[in-house]
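Novice: Below are the chains, spelled out letter by letter.
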Amino acid sequence: MSWELFWLLVEASGLTILYSAVSIVVGFFVSAAVCAGVLSSNRPISAAARLFVSFFRGTPLLIQLLLIYYLLPQIGLNVPSAVAAVLGLSLCTAAYQAEILRGGFQSVPRGLIEAADMCGLSAFATFRRIRLPIAVRLTLPALTSEAIMILKSSSLISVVGVVELTTMAKDLASSTYQPLPIFAAAGFVYLVINLVVAGFGQLAERAARRGHA
Amino acid sequence: MNRRALINWSLALATGVVLGTALPSAASADVLETVKKAGVLKVGTETEFAPFDFIDKGKHVGLNVDLFEEIGKEMGVKIEWVTLPWDGVLPGLETGKFDIVAGPATITKKRLERYKFSPPIAEATVAILKKKGDASIMKPEDIAGKPTGAGKATAQLAQLQEFVKKLPKQGEVKEYVGFNEAYADLAAGRIAGVANSLPNIAFVAQTSPVFEVVQPTFGVKTYFGFPENAAPEYASLNDAVAAAMAKIKADGRMGKIQKKWFGVEFDTPAEVKDPAI
Amino acid sequence: MSIVSAIRVSGVVKRFGSTAVLTGIDLDVPRGAVTCLLGPSGSGKSTLLRCIAFLEEATDGIIEIDGEPLGFGLDPDGVRMRLPDASLRKVRSKIGMVFQQFNLWPHMTALGNVAEALVTVRGLGRVEASEKAMAQLEKVGLAQRATHYPSELSGGQQQRVAIARALALEPKIMLFDEPTSSLDPELTGEVLNVMRSLAETGMTMLVVTHEIGFAASVASKIVFLDHGKLLVEGAPAEVFGKPRHPRIDQFLDTYLDRGAAGLL
Amino acid sequence: MNALSSIFGYLHGDDGWNILSGLANTIILWLVGSVLGAALGFFIAVARRYGPKPVDWLLKAHVEVIRGTPFLVQAYLLYFGGPYLCLALGDGSVCLTLEPFHAGLLGLTVYGSAYYSELFRAGFEAIPRGHIEAATTVGFTRWQTLRRIILPEMTMLVLPSMVNMTILLLKETAVLSIISVKELKFQVDIIGNRDYAFVESFTILALVYWALVEICGAVGRAAEARLSRYRFAHS
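Chains as they are written, first to last, in this note's numbering: chain C, 1 to 213; chain H, 1 to 277; chain R, 1 to 264; chain A, 1 to 235.
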């Protein structure tokens, strides 16, 4: 396999990284809200949040992307490829992240929340300043896994017309009839990106461990 | 009870949402007019189907690119390519994300029920691709008793299955998610031959040093065409494309393009109304 | 008119499902003094304290802080009713609480733990909040440890930070729920010392503890609970002096060596 | 629109049977793959925690490589890579080549194990040291401590992420159609490709996967409810 082909893969990985990174960040904020909704004692809010998780976790991402890309324009919302890609990825990861966070929230020792109550923190302040940061710390390895998962799932955004790493690899494989070396090379590029992500995850874990009771 | 209600509700919603995509788009303005006004014809395709559409050194090239360039000239519009995986291409055509699909697809009875097809652009008749130097297969009948394969649910697979059934000894016919995977298994030695349309495998053999075409073709004669939207507002556009292609065929440009990408020219009828399969 | 008690508990009942933990408690906690809640395990003393902090909702009865009802009040017809959350927050802001398990937030430094509520609740700027928090840490002797995380502090130090955190909000009343029970004996002293000097400033304190020595020497009032009921209350000399209630004898036998009980 | 009726049209006859057999394969691959994957993942997590340093490094490298590359690539290399290597090294006469289904199951197990092991690792980290020390002091062996103390305690934290991961594994089974494992997506795609009925085939896929995910989620919730007695053991 030539350097020229490998370089094409590296170039395509730029979009993989860009779309994944934006979606992970957007998805995190959505997931925090969804998780708060799931744990809420308000029944309609909780039911809506559960339905969100059920739908975006339950159906294949490919189909979610198709719905966003093809269905929304029919109700008058013209979504460009880039927006559809980010929307699909971030809503899907939000559903998964929300479930991960839920496990974390339920493991936050009750005493810490009681202490916040006694200090007069409002429910929202307790959520934002105490429960969320601790839940994130407890679930860092799972959240890192999810980030890596999304990096890889982003291969599906080709269905809305964004040519990223996997699609480029498939294209090259089918035009050169050398699928094995090209897929191996694409796998290597993914590995490098994900090792960097896993490395950041580990740094975060180490920092979090310092502040552990 | 609460949970069950939730599930039912979700399913109903999903069905509604998914089926919604199948509804014809509300816009009923004549598509040809819209295309002319914008000066742009949007063409959807996948890029894993050499030599029709593929990526060479990072650029989208192939017979379709050349052919649509000419069609655009005839119609006085620019061509805008939208490349998607094949799964997403036809839903895109149905929901109006683009005006025509550059597939190409083998024209079959079942597919004609759902879509219109442009005039044929090449023959799709099937031949066998083997590993270079495999002396045990010199004609199609030599695959008797040997494992072979093709892309699943393709017209070519159906032809191969028909053909194998009539041989004295029947080998296994494997189905692959796409032809590229079938080629990979041929290279890996799991199967002895891949059945695909002659234009495709001729190009494969020309590009890759490890494969070779077994002549002649077998099975019934079939043709490749471009899928088109069957809704009435597309009728004038489909006619305009057909007229442009007729002109391109008549003055020899089509032959040149075929020669460039297939190495041979094909004689194709003006229209396939009643396909053999 | 008599002086309003810091805390007044009237007719408080607490049931968890079918088990009654408190079966009707009436109690007055005087201002500016230390009151100790004693009693064997399971007597309901921690539950009572948690009801007073409104971490548990009493099943029945009224709790007044500084003359104002907490969580539940009486409507004009004398029927018990839930009060709005705003009133709950306002009344509860008069109370500071220290827990057995410290409950420091693990992701914040000592200083961060103390300053947090000053910023998010009181709305102080970061700088001002830090200065105030630092002053509190100095009072409990931990100014040098301000940037340490809870996991880097000993149990005694963590509990002193927790006291500083409660004090930073300038409460009128401090509740202590077995503040030294999860500490090694040699770390107990440093926490008790901080509590002693806090008592000397005239802070109203209600302390659930098994430190009988501390109770006897610092408290002005001892309240003894048994089986969810208030058994004895009074000055240490009255409660511990002879003749003693037989349950208190039994209790002292359990918590002190037999010989030591005789010394009291 | 008659999409709904054409969907039902595909659910009986030969197409219906093919879809059903695909569904059966998907469920077998999913269940066996995730059970084996979770078991392997647990042993990886234990070995990394209690084993010697080199074992930890080796397994960490394994986990990062498996996690870091797409399942598509792994399945591809596992299925096509072996024969290629054999052909490169000799005439290909002596060569272990895996059937698609076996290659798929093996790939799924190994892929899942890497992710599961990371979840278990997080679970170990979250358990207060004191609880483990307490078990040691009452004379539990390491294995007993693991089984009786650590496992139940960390389940609460880990369970939702485990359910997540198991659902993700379900969706990864669809990737196996690339190495011609005849699972659900492979069979449903046949209809889509043959008749160009993609909207119908996508709807069928979405509904079936959603139903499976909901079942998995319900099992997870039931397990959580049973295990909730381990929560709030303090105070």
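Incorrect hints may have been included.
To be verified - Over 10 angstroms on every C-beta distance to chain A, these chain C residues come out as not near it, computed from the model:
hint: 1; residue: Thr59
hint: 2; residue: Ser145
hint: 3; residue: Ala186
To be verified - Distance windows between CB atoms, simulated:
hint: 4; chain 1: H; residue 1: Gly133; chain 2: C; residue 2: Leu77; range: 53 to 63 angstroms
hint: 5; chain 1: A; residue 1: Ile127; chain 2: C; residue 2: Gln202; range: 54 to 64 angstroms
hint: 6; chain 1: C; residue 1: Val25; chain 2: R; residue 2: His227; range: 14 to 24 angstroms
hint: 7; chain 1: A; residue 1: Leu227; chain 2: C; residue 2: Ser46; range: 40 to 50 angstroms
hint: 8; chain 1: A; residue 1: Pro128; chain 2: C; residue 2: Val25; range: 31 to 41 angstroms
hint: 9; chain 1: R; residue 1: Asp60; chain 2: C; residue 2: Leu77; range: 50 to 60 angstroms
hint: 10; chain 1: A; residue 1: Val219; chain 2: C; residue 2: Val25; range: 46 to 56 angstroms
hint: 11; chain 1: A; residue 1: Phe140; chain 2: R; residue 2: Asn193; range: 36 to 46 angstroms
The set of hints was computed from the structure by calculation and includes no laboratory data.
We put the CB at the ideal spot given by N, CA and C, even for glycine.
Novice: With reference to the structure, classify each hint as holding or not holding.
Specialist: So, going through the hints one by one against the coordinates:
no.: 1; hint: Thr59; result: 5 angstroms, violated
no.: 2; hint: Ser145; result: 5 angstroms, violated
no.: 3; hint: Ala186; result: 6 angstroms, violated
no.: 4; hint: Gly133(H) with Leu77(C): 53 to 63 angstroms; result: 57 angstroms, holds
no.: 5; hint: Ile127(A) with Gln202(C): 54 to 64 angstroms; result: 19 angstroms, violated
no.: 6; hint: Val25(C) with His227(R): 14 to 24 angstroms; result: 56 angstroms, violated
no.: 7; hint: Leu227(A) with Ser46(C): 40 to 50 angstroms; result: 21 angstroms, violated
no.: 8; hint: Pro128(A) with Val25(C): 31 to 41 angstroms; result: 32 angstroms, holds
no.: 9; hint: Asp60(R) with Leu77(C): 50 to 60 angstroms; result: 56 angstroms, holds
no.: 10; hint: Val219(A) with Val25(C): 46 to 56 angstroms; result: 32 angstroms, violated
no.: 11; hint: Phe140(A) with Asn193(R): 36 to 46 angstroms; result: 38 angstroms, holds
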